[in-house]
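**Q** Following the hints, position chain B against chain A.
Protein chains: 2
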Amino acid sequence: MENASMSEEKVEEEEQIVNPWEVAAKDGGKIDYDKLIDKFGCQRLDKALIERVESLTGRPAHVFLRRGVFFAHRDFGDILDAFQKGNKFYLYTGRGPSSESLHLGHLIPFMFTKYLQDAFKVPLVIQLTDDEKCMWKNLSVEESQRLARENAKDIIACGFDISRTFIFSDFDYVGGAFYKNMVRVSKCVTYNKVVGIFGFTGEDHIGKVSFPPVQAVPSFPSSFPHLFSGKENLRCLIPCAIDQDPYFRMTRDVAPRIGYHKPSLIESTFFPALQGETGKMSASDPNSAIYVTDSGKDIKTKINRYAFSGGQDSIEKHRKYGANLEVDIPIKYLGFFLEDDDELENIRAEYGAGRMLTGEVKQRLVQVLTEIVERHQRARAAVTDEMVDAFMAVRPLPRMFD
Amino acid sequence: MENASMSEEKVEEEEQIVNPWEVAAKDGGKIDYDKLIDKFGCQRLDKALIERVESLTGRPAHVFLRRGVFFAHRDFGDILDAFQKGNKFYLYTGRGPSSESLHLGHLIPFMFTKYLQDAFKVPLVIQLTDDEKCMWKNLSVEESQRLARENAKDIIACGFDISRTFIFSDFDYVGGAFYKNMVRVSKCVTYNKVVGIFGFTGEDHIGKVSFPPVQAVPSFPSSFPHLFSGKENLRCLIPCAIDQDPYFRMTRDVAPRIGYHKPSLIESTFFPALQGETGKMSASDPNSAIYVTDSGKDIKTKINRYAFSGGQDSIEKHRKYGANLEVDIPIKYLGFFLEDDDELENIRAEYGAGRMLTGEVKQRLVQVLTEIVERHQRARAAVTDEMVDAFMAVRPLPRMFD
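Sequences listed follow chains A and B, in order.
Positions 13 to 414 (my numbering) are the ones given, in order, by the first sequence.
Positions 13 to 414 (my numbering) are the ones given, in order, by the second sequence.
Chain A extracted, bound-state conformation:
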């Protein structure tokens, strides 16, 4: 009996784990996104929705939409329905500032959010959860705030429109209407409930238990009276990686009980590590990711040395069997960042048939990433402290819905 129950436990342990603090596939394999959609209870983002986005915005869908990087959603259709009737919405995304510099995976939600902001012409709030990182990573308050400001510069460098964008640090902004909403949410969520959603234990500190409402309440317009006074019915759309879904399941559960709309979500897959697609990149291994601070030479070295290849062991075998595109990281990365659909299709065909070699694909990827990273570095160098202050000023947004 004991053995049987132990082996059952083992099976459970081997299931994939996806929550805001841990992403681990079963047996070190790939994340099964279909299972994740089933488990979380969100919906797959289908072709019809993507076509609606194109027709409503009058521009082609972002490459992250066309290629399934953003692949799941909750009530995204409600946002589009309302938009079609002339009712705008606002965007909410965020970042936990736990490290000095961002890697490419960190940029993905921001690049996509910028596209949404430009395409729908809507306001955006960006939460920097310096309080969360102070509590989870055991950073000091001051260090968390410093990292939040550094990260804000990278976020601003993504090109957000200051006349529609409010960036805030929790340590600076929690209080007033925001705190009132935190209390309203907290009243509706039992400890057992957060244990079920987030897996906290009795040995976890109460800061962890207190935090989920902090990430919940930017979903409610009344948390931002300087932006949305008189617009308390505005809908909210949250672009994020799917590991953040637990926070917003909780938020959506509570929202109608306190008189608010449920926020809608549009959720991405994880950006794979250079070593292979087994989860998110690891901040503890600098060679697992391309950082926005990497030089062209760094990028070349990392891609050539560490990017897991689906090519064959020898040129002879490669010419004969072709590359295994399913596990090839350069092809995955090009899928995120090479915008030209025709070129990507051509590379896949040639590489898959063995006519193109790994080295050639990696060379093209180095070009693509170097261009993106150098463009980001130029943009970030132009972000002054005054600009950070301006984005983070508690102020009305001059062009909310123009």
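Be aware that one or more of the hints could be misleading.
[As the list claims (entries may be wrong)] Here are some, though not all, of the chain A residues that point toward chain B, as calculated from beta-carbon distances under 10 Å:
no.	residue
1	D184
2	G187
3	M194
4	N204
5	V206
6	V207
7	K220
FYI, nobody ran anything at the bench for these hints, they're computed from the structure.
Glycine included, every Cβ here is placed at the ideal spot set by N, Cα and C.
**A** Relative to chain A, chain B alone:
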């Protein structure tokens, strides 16, 4: 075995319960304050400390000190040591605004705090925990804030010096340095720890789990940068009823770990209900207490009809045996509010010997309380909304230590 363990549990259940939400004596008897001091681990406030207060302040000890209303403390001696060396401190007290009008028991910590403020000439912060009451009593945010303002008027009517007093509502004030300290405290307290201190269960909402740090952090000067900037080492003295001790046990545990002094406490007994000394008065039974809104006629009726008497059943027996002062509520109440020691001693002697009748003692008590309540009502009627705004304004205090 099962029966034995059940009966053990029963014994435990019959122990007195004292926490911020429940005060219940064993078997409906009196609270055993000696046992409480032992259980909580605080110290009895002895004669030597009271004499030190008199010599340091150059004025007679308050009646609440002389008569043991404030009877326990934690590190009060450290406050006096520092004061003697010329290092002042600040006072912190508070109220959970759960009802429209206060009863006499609610006034006790404020009357005593006013005496301490006047005697030591020190600044005072008063926390109105409208967030707590919103969460525990299921009041709306707006109703909790309304009650906080109403209660602030009663507090101001106690005569606090506006040039040394800052009153704040959590809903208005939580944020900034205060929130940062909340996070610092939260990081140091596990869920198991708060369960041990406060007895929360998994079915309690997470607002309850999040709240203890909110009541903890006014103990730290850095939570009030507009008052104590550059004075982060200032000591804090908290006058409160002893049911609040659990919050400050937790606070004192955490303080040195985050670089702050442990706050000192000076703690009172509970003010007994008219029906007898079995705990605190009950807000749900208006006839269990004298309210500051009661008329002279109300007071007379309540005292005559409900105040539990230690007098004998008949005049003959009373003349023969005298009153039982140990259970007599009019004598207890006079002990709180009749300032003249000689007169009180005389009444105790005459009544205890049966020469004075219950009716006569009650008549004197009605006089004393009516005078206090009418004085309070006059003072409260003079408190304008502008004065409330002025006390609650986030501002430096002009006469912090003059």
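**Q** Return the numbers of the hints above that this structure violates; sort them in rising order.
**A** none
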